[in-house]
Amino acid sequence: MKSRLALSDRFARELPLYLMILPAFCLVAVYSYGSMAGVIIAFQKFIPAKGMFGDQKWIGMQNFHTLFAMPNIGPVIRNTVVIALGKIVAGILAPVVFALLLNEIRNLLAKRVFQTLVYLPHFLSWVILSGILINLLSPSEGVVNILLAKAGLDPIFFLGNAHAFPWTMIVSDVWKTFGFGSVIYLAALSGINPALYEAAVIDGANRWRQTLHVTLPGIVPIVVLMTVLGFANILNGGFDQIYNMYSPVVYSTGDILDTFVFRLGIEQAQYSLSTAAGLFKSGVSFVFIVVSYYLADKFTGYKVF
Amino acid sequence: MHIRTSVSRRIFLVSNAVLLTLISLACIAPFINLLAVSFSDKTAVAAGEVTFFPVNFTTVSYEFITNSSKFFDSLVVSLKRTAIGVPLNLLLIIMTAYPLSKSRGDFRARSFFSWFFVVTILFNAGLIPTYMVVKSTDLINTIWALLLPGALPVFSMLVVMNYMRSLPKELLEAAYIDGAGHVQTLLRIVLPVSAPTIATVTLFAFVDHWNSWFDGMIYMNRIENYPLQTYLQTVVVNPEEFIRNNTDLSGNLSKYLSLVSARTTGAAQMFLAMIPILCLYPFLQKYFTTGLVMGSVKE
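Respectively, the protein sequence lines represent chains Y and U.
Counting in our numbering, the first sequence tops out at residue 428, every number present.
Counting in our numbering, the second sequence tops out at residue 301, every number present.
To be clear, the hints were calculated from the coordinates, so they are not data collected in a lab.
Do not rely on the hints blindly, as some may be mistaken.
[As the list claims (entries may be wrong)] Below, computed lysine to aspartate or glutamate pairings styled on DMTMM-like, alpha-carbon distance capped at 20 Å: (1) U:72 with U:172; (2) U:72 with U:226; (3) U:171 with Y:178; (4) U:104 with Y:137; (5) U:104 with U:172; (6) Y:173 with U:217; (7) U:137 with Y:132; (8) U:137 with Y:178; (9) U:82 with U:210; (10) U:104 with U:175; (11) U:44 with Y:264; (12) U:104 with Y:132; (13) Y:168 with Y:390; (14) Y:273 with U:175.
[Said to hold, decoys possible] To give an idea of the chain U side of the interface with chain Y (calculated C-beta under 7 Å), a few residues: (15) 30; (16) 109; (17) 124; (18) 130; (19) 132; (20) 185; (21) 186; (22) 215; (23) 238.
[What the hints assert, rightly or not] Output of the computed footprint for chain Y on chain U, the stretches with three or more beta carbons under 8 Å from beta carbons of chain Y: (24) 13-26; (25) 46-58; (26) 91-103.
Keep in mind it's a predicted model, so treat the numbers as computed, not measured.
C-beta atoms are modelled at their ideal positions from N, C-alpha and C, and glycine is treated no differently.
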């Protein structure tokens, strides 16, 4: 009797917690888990009129066979990985180098001004940034090509040339993200014990030696962590950016899984096929995310929660 | 004591300062160019004469926009979505983070709920299933399509939860001994001391709502329901359309038509859409930084 009383007592104490969590639980159950259950469309010959969980015809893996028999699926996967890898690598190198250089600036005001200026693109949407870039990079009236022409160089079709397009995406992504990305490395740099530098000076290390033997080892753990977590994005080419800047002439190198899924699903209304392509991406991404979180936990003790 | 700096060190310091100045300018120059274009004469813009200062200063592009109902319709949708969306996000974040910040002894279902929310960041259902759910809950063409699917930003919730978890136990025990229930403890003790984190996720939520465009594009069928960024996307992708769309509507716009171009009006609209972000910029810088460090580096 006593233990049951304790149990109901305990429940009474926990009840407010359940009630607090209930609204978010319901919304996530419907919109996130409802959508997850909706991936069954990938295994059906889906007819929208019958409704999402209606009496649809099951066709097993046929959508996946159709998908992987499409001539452009190979290039699309390749483009996705190439652009994503480029962004992962450049997205770590650029902020690290910037943080190291900024760390050498001793004038606090100058440091603050530099930071304020480079953070700005991070807070703006790809819609606005794309609008700006399309104008800046335009072959005829864009400022960049006008400058190139003044330097006696041929104009570059940054967004209209299949060779240039992936590079344009990687570089413009670095432009948007490197400033703010450096915050985390600057935090790590400021956390390095000054005694280590003093010891290095006593040992006769010059500035370069100090950087090599004190500064770099000091930020290696965070660089490892960001690299490992970065691989969770191996199939994220960056929909917002690419969708707003690509065009059919650069599909051969610029079409990524997300844009492919979008055109298939929304523009061509091939619901089952699009869901299958999306599920392929989510499945592979899931593995990468779980493995990268596992490795991050194992090597650096990083925990999501 | 005077520390001598070697010649090579001095060369490095100077070239470093120059390099960082150039990098910073590269980040800001496109926006100055945008502002200059929006205040310039359309022929000067088309001729590529405008770099960082307006050429033949004029405000016609802005006058054209103030007379455009499309821009204002979408602005209203964006303001509405931000005004409802940010408090909604915040409410759900707090109401979820608090229970999950409890120890397993105090809230036995904690593990289950934690995983329940974390799974949603591990696995993405994809475009079509999400669209179908929004459609079958009858949200298409309503503002709720932009609010409910992302009502709980899970990453922000985890940031707040981790912060609440790091609060000293004595604080909460004292409240418990004084007879405070969960709701009272949350409102009187946990929330006030969590203010910096709450500020961070509020800004996250604001930037997210203000910058979102994709949901507007797929869930809204009519252009008058588009939020600002979705509407801007149509301007960016199809610049001439904005001018065309606005010509047949109201007569008072026709007098501007010979004066503005898609470039100048586009630049003006993009700049106007940047203003809220610019106003919040000092706070964004301060709190995003703390939020980022908190969210990524944990004990």
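Evaluated hints:
Of the supplied pair hints, the one linking residue 72 (chain U) and residue 172 (chain U) is violated, its CA atoms being roughly 56 Å apart against a limit of 20 Å. This hinted pair checks out: residue 72 (chain U) and residue 226 (chain U) have alpha carbons roughly 7 Å apart, not beyond 20 Å. Between residue 171 (chain U) and residue 178 (chain Y) the alpha-carbon distance is near 54 Å, which puts this suggested pair outside the 20 Å criterion. Our distance criterion of 20 Å between C-alpha atoms is met by residue 104 (chain U) and residue 137 (chain Y), whose separation comes to about 10 Å.
With a CA separation close to 13 Å, the supplied pair residue 104 (chain U) and residue 172 (chain U) stays within the 20 Å bound. Among the hinted pairs, residue 173 (chain Y) with residue 217 (chain U) is inconsistent with the structure: their alpha-carbon atoms are about 24 Å apart, more than 20 Å. Annotation: proposed proximity of residue 137 (chain U) to residue 132 (chain Y) is violated, straight-line Cα distance about 43 Å (limit 20 Å). The suggested pairing of residue 137 (chain U) with residue 178 (chain Y) holds, with an alpha-carbon distance near 18 Å, which does not exceed 20 Å.
Of the supplied pair hints, the one linking residue 82 (chain U) and residue 210 (chain U) holds, its CA atoms being roughly 14 Å apart against a limit of 20 Å. Restraint check for residue 104 (chain U) and residue 175 (chain U): the C-alpha separation of about 12 Å stays at or below 20 Å, so the hint holds. Our distance criterion of 20 Å between C-alpha atoms is met by residue 44 (chain U) and residue 264 (chain Y), whose separation comes to about 12 Å. Distance hint between residue 104 (chain U) and residue 132 (chain Y) is fulfilled; the C-alpha atoms sit about 17 Å from each other, no more than 20 Å.
Restraint check: the Cα-Cα separation between residue 168 (chain Y) and residue 390 (chain Y) comes to about 18 Å, which is no more than 20 Å; the hinted pair holds. For the proposed pair residue 273 (chain Y) and residue 175 (chain U), the alpha carbon gap of about 71 Å is over 20 Å, so the pair is violated. Residue-level restraint check for residue 30 (chain U) holds (minimum Cβ-Cβ distance to chain Y is 5 Å; threshold 7 Å). Checking residue 109 (chain U) against chain Y: minimum C-beta separation of about 5 Å stays under 7 Å; hint holds.
Given hint, residue 124 (chain U) at the interface with chain Y, holds; its Cβ is 5 Å from that chain's nearest Cβ, closer than 7 Å. Residue-level restraint check for residue 130 (chain U) holds (minimum Cβ-Cβ distance to chain Y is 5 Å; threshold 7 Å). Taken as an interface hint, residue 132 (chain U) checks out: its beta carbon lies about 4 Å from the nearest beta carbon of chain Y, inside 7 Å. Given the 7 Å rule on beta carbons, the hint for residue 185 (chain U) holds: about 6 Å separates it from the nearest Cβ of chain Y.
Because the beta carbon of residue 186 (chain U) sits about 10 Å from the nearest beta carbon in chain Y, more than 7 Å, this interface hint is broken. At about 5 Å, the closest approach between the beta carbon of residue 215 (chain U) and any beta carbon in chain Y falls short of 7 Å, and the interface hint on this residue holds. Interface hint status for residue 238 (chain U): upheld, as the beta-carbon distance to the closest one in chain Y is roughly 4 Å, under 7 Å. Here's how the region 13-26 of chain U fares: 9 of its residues keep a CB closer than 8 Å to some CB of chain Y, so the rule of at least three is met and the hint holds.
For the region 46-58 of chain U, the stated coverage by chain Y holds: 5 residues have a C-beta nearer than 8 Å to a C-beta of that chain, and at least 3 were required. As drawn, the region 91-103 of chain U meets chain Y at 6 residues by the rule of a beta-carbon pair under 8 Å; at three or more, the given contact holds.
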